[in-house]
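K.L.:
Chains as they are written, first to last, in the working numbering: chain A, 1 to 269; chain B, 1 to 317; chain C, 1 to 200.
Honestly, the hints are just simulated from the structure, not real lab data. In this text, a Cβ means the ideal position worked out from N, Cα and C, and glycines have one as well. There's no promise every hint is true.
Stated by the list, open to error - These stretches of chain B come out as covered by chain C in the derived footprint (C-beta under 8 Å, 3 or more residues):
#1 24-37
#2 63-69
#3 117-124
#4 188-197
#5 215-229
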Amino acid sequence: MVKMKVGKIKILRAVTASLFLFFFVVAPILGFMYGTNCALTFGGFTLISPLELVLLILGTKNVLLGWLVPGLIVILIIVFFGRFFCGWVCPMGILLDYSHTITEKKERKRLGGSWSNWERYPILLAVLAASLLFGFAAPYLFSPPGVVYRTIIYFTSHRVIGAELVVLLLFLILDLFAVHYGRTWCNTLCPLGTVISSLSFVNLLKPKVDRRICISSDSKCLNCWRVCPMRIPVTKADRWAMMECNKCLKCWANCPAKAIKIEVFSGGS
Amino acid sequence: MEALGGLAIVAGAAGVLWEMWRPKLNPAKPVRANAYTQDGKSLVSIAEGKPDTDVETMVRHAVDALGGIGNIVSTGKTVVVKPAVLTSDPGCAPDPRVVAAVAKLAKEAGGTVIVAESSGGGDTRYCLSQVGIASAAEKVGAEVRALPLEEGILMEVPKGVSLRDVRTFPTIYNCDVLISVPRLKRHTATAVTMSLKNMMGVVPDYEKRRFHSTDLSQCIADLNTVLKPDLTVLDATFAMTRTGPTGGDMVEMDTIMASGDPVAVDKVSAQRLQELEQQLGISSFNVADVRHINAAAALGVGTSDLSQMVIVQENLS
Amino acid sequence: MRIARREFLKLLAEGAAALAVFKLVSLIPSPPRTEIVRPPGAVEEEYFDRLCVRCGTCLEVCPTNAIVLADFSDGIEAVSTPKIEPTVGPCEFFRGRCEDIMRCSRFCPTGALQLVEREEVKIGTVEFSSDRCLAYMGKECVVCNEVCPVHGANTITSDLKPVFHGEKCVGCGICVHSCPAQPKALTLRSKGAKRARWLR
């Protein structure tokens with residue numbers, strides 16, 4: 001197994017996300033696919049993001065049966081691949097990964113010290129409730145991949161900087177001051193991420209710790225915990241905690257004992 | 001010492017950048033003299049036919065009566081055929097058969113033909129195909145170019161009254177022969193629009209707007225002093241009456257006019273249109289008052305004095 | 001995974017706080033969203049914001065670049081929803097590159113934009129400021145009249161000045177796009193816009 005440096009994997013993920021972004025920009029120009037991660041339209045068929053689908057249903061107070069099939073297709077992909085989107089596709093995630101290199105080495109009092117991984121659920125529920133109760137449409141502003149994609153597509157088609165750039169910059173700045181190593185927004189607040197992780201039941205490609213090799217019991221090494229951007233306690237995570245995994249491969253790359261393997265098929269823990 | 005050196009480098013770089021970026025003023029190309037004259041007077045030919053007369057035949061007769069396309073086109077010359085296509089409404093544009101006939105004539109004389117236009121009221125490529133000119137031109141082997149796709153270049157207008165310079169397109173600036181193919185139409189602002197006003201289609205949209213904000217008729221005249229068509233073939237098979245350049249009533253006239261003098265052909269055709277409208281009882285305009293024709297004549301683009309023209313009329317029925 | 005009761009209450013409080021923040025934000029005064037000029041085929045504004053998932057498809061398929069994204073001045077809830085901006089591009093559903101096609105409505109995946117008959121469409125009405133009009137300043141200009149595709153929406157007086165008839169105007173914005181005056185004498189308003197009914 002070739003050991004790639006953490007930096008190289010990060011570059012690989014950034015390149016993958018850039019390719020997706022490039023694809024989103026080029027496809028409408030070539031005319032075979034339109035839209036962004038919220039809804040992708042090609043040849044009369046549309047794939048819709050589950051958060052947007054739920055917001056649609058709640059906002060219009062209608063069970064939109066026409067979306068059953070497209071919705072299920074996306075949900076199935078999520079069931080199998082989990083937060084792979086967050087790690088390898090979401091442009092906001094990549095931006096956060098890189099912006100963190102500015103502040104991560106400095107010890108400083110920062111925001112969100114008392115936040116846990118559970119914050120996401122009340123935020124998500126509040127977003128959904130707002131949509132249902134008073135048709136609040138601003139949740140679309142809280143979905144950073146949509147914000148990034150829209151800003152870029154708007155720029156490439158109209159040569160204009162969209163108003164949402166402000167939202168994007170706010171996210172980046174807030175996250176720079178937040179305490180949680182890696183991606184505070186992603187692991188603590190993101191409603192889209194919460195939906196995705198709640199659906200990742202099968203969750204292929206997650207890390208598995210080989211207990212025989214792992215040195216944490218002897219040496220108090222908890223590198224994997226420390227580097228995980230999703231704040232998963234890797235050596236003792238159960239399958240529910242593992243649903244957060246965004247497949248960034250940091251734990252795998254940083255284990256000094258090479259005790260972590262990436263499992264293609266789920267084997268429980 | 002170092003500060004001075006740094007300052008010199010910055011100044012030098014700024015100078016180079018400024019030189020690269022400032023709009024280059026291209027000199028006005030020498031205006032080619034009218035190739036179709038008789039005893040020093042501008043020739044205007046009128047070919048009249050019947051509803052079933054072949055359009056190409058009428059065009060050939062009109063141009064041959066002047067002296068033939070060979071006077072301006074020879075082997076290897078780049079010929080731009082410029083139809084008047086304001087919107088996608090076919091009534092405002094010349095009949096595609098007229099455009100095709102002109103293109104064909106120029107090709108026969110050995111020229112490379114480009115049908116080019118910049119539509120002021122819609123997307124050029126779309127308008128050219130909607131009115132049928134794109135396909136008609138391609139069928140006779142001409143290249144169709146939508147001028148707005150080109151970067152505008154700045155050109156001097158030495159004799160301009162309202163314009164000191166004007167932006168046009170490289171295709172127009174670099175061509176050897178410019179042939180104007182308008183339709184005979186009324187116009188709400190300038191009373192009529194034929195060959196002189198057709199030249200507005202060789203400048204970019206922002207330049208067209210500048211003409212309107214400055215002094216439309218004078219700007220049209222100024223433009224024609226540097227971008228004068230070598231030949232005008234005017235489509236009067238159907239003329240737009242009562243109003244224009246869109247929304248008027250198309251009246252059959254079965255006529256094609258041609259001239260190497262755009263002022264002369266505009267004057268003669270305007271007169272015909274006025275007479276036609278008077279015959280039909282439509283409230284008309286006064287030819288003598290058409291500002292852009294008078295302004296162009298005053299700048300020497302051509303003559304609007306009927307005594308300085310030789311009109312050759314041919315009835316093809 | 002178990003949560004401590006204290007933690008659970010803290011989460012509940014946070015959720016309620018978030019909901020309250022959203023409610024407060026929704027109450028920020030903003031121009032009535034019915035003033036936004038929507039693409040042809042847009043459903044009633046009440047449903048539009050909820051049906052539009054801000055996917056950007058309409059923006060991408062518009063052949064004339066007439067669709068732009070609303071910004072914060074249109075209200076936070078409308079941010080990134082589509083609107084027609086004729087100074088950027090005219091809507092050519094009535095005549096031109098999108099005639100009888102209506103690409104935006106054809107491609108909209110959620111039905112925020114419905115495919116409607118061309119005759120039924122009224123995007124808005126053009127608003128004319130004669131104090132900025134070149135013709136009213138004595139110049140030779142009637143470009144709005146030259147390019148207007150609707151019979152009778154724009155007429156010319158005997159002294160060559162344009163007059164606009166809003167009841168016939170379909171709001172395509174071609175006149176706004178072409179007006180050479182600086183600043184332009186024409187603006188497109190949502191007044192008179194006809195919205196589609198959302199089919200449940």
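K.L.:
It remains to establish, for every hint, whether it holds in the given structure.
P.N.:
Going down the list of hints, with the structure as the test:
1. 24-37: Answer violated; 0 residues pass the 8 Å Cβ test.
2. 63-69: violated (count 0)
3. 117-124: That given contact holds, which follows from 4 residues of the segment 117-124 of chain B lying within Cβ reach (below 8 Å) of chain C.
4. 188-197: It holds: at least three residues are needed, and the segment 188-197 of chain B offers 3 whose Cβ sits within less than 8 Å of chain C.
5. 215-229: holds (count 3)
Comparing the model with each numbered hint stated earlier shows that hints 1, 2 do not hold.
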